[in-house]
Amino acid sequence: MTRPDSACPLVNSDLRKIYYSRKIKEKMQECSNRLGIPMNHIFPVKNYHEEIDTMNDMDVLILKALDQIVSVAADAIKQHE
Numbered sequence: 069m070t071r072p073d074s075a076c077p078l079v080n081s082d083l084r085k086i087y088y089s090r091k092i093k094e095k096m097q098e099c100s101n102r103l104g105i106p107m108n109h110i111f112p113v114k115n116y117h118e119e120i121d122t123m124n125d126m127d128v129l130i131l132k133a134l135d136q137i138v139s140v141a142a143d144a145i146k147q148h149e
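Using the working numbering, read the sequence shown as starting at 69 and increasing by one per residue.
Worth flagging that the hints you see were computed from the coordinates, not collected in a lab.
Treat the hints with caution; some may be incorrect.
As the list claims (entries may be wrong) - Below, a list of computed lysine to any residue pairs in the SDA-like style, where the Cα atoms sit at most 20 Å apart: (1) Lys85 to Arg71; (2) Lys93 to Asn80; (3) Lys95 to Asp82; (4) Lys132 to Leu83; (5) Lys146 to Gln136; (6) Lys132 to Thr122; (7) Lys91 to Asn80; (8) Lys132 to Tyr87.
Work out the full structure, taking the sequences as your base and the hints as a guide.
Structure, rendered in structure tokens:
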């Protein structure tokens, strides 16, 4: 799920509060309902858009999402072996 900073002023001011935001949780639930996938498979990330330099807070979210995606994919491969 992208653009969490647009959905929540708290997250816009401090990206580290993304998992404490009720608005973000509501948006994740909405994504879950619309797409039919579990909430634990929805990862909020902020894309690099206008930033010139990298930002650790953004990188952490992206890497966490990538780590979880790889983990889910590895589990799926193991189930099909």
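Against the structure, the hints:
{"no.": "1", "hint": "Lys85 to Arg71", "result": "holds, 14 Å"}
{"no.": "2", "hint": "Lys93 to Asn80", "result": "holds, 15 Å"}
{"no.": "3", "hint": "Lys95 to Asp82", "result": "holds, 18 Å"}
{"no.": "4", "hint": "Lys132 to Leu83", "result": "holds, 14 Å"}
{"no.": "5", "hint": "Lys146 to Gln136", "result": "holds, 15 Å"}
{"no.": "6", "hint": "Lys132 to Thr122", "result": "holds, 16 Å"}
{"no.": "7", "hint": "Lys91 to Asn80", "result": "holds, 12 Å"}
{"no.": "8", "hint": "Lys132 to Tyr87", "result": "holds, 12 Å"}
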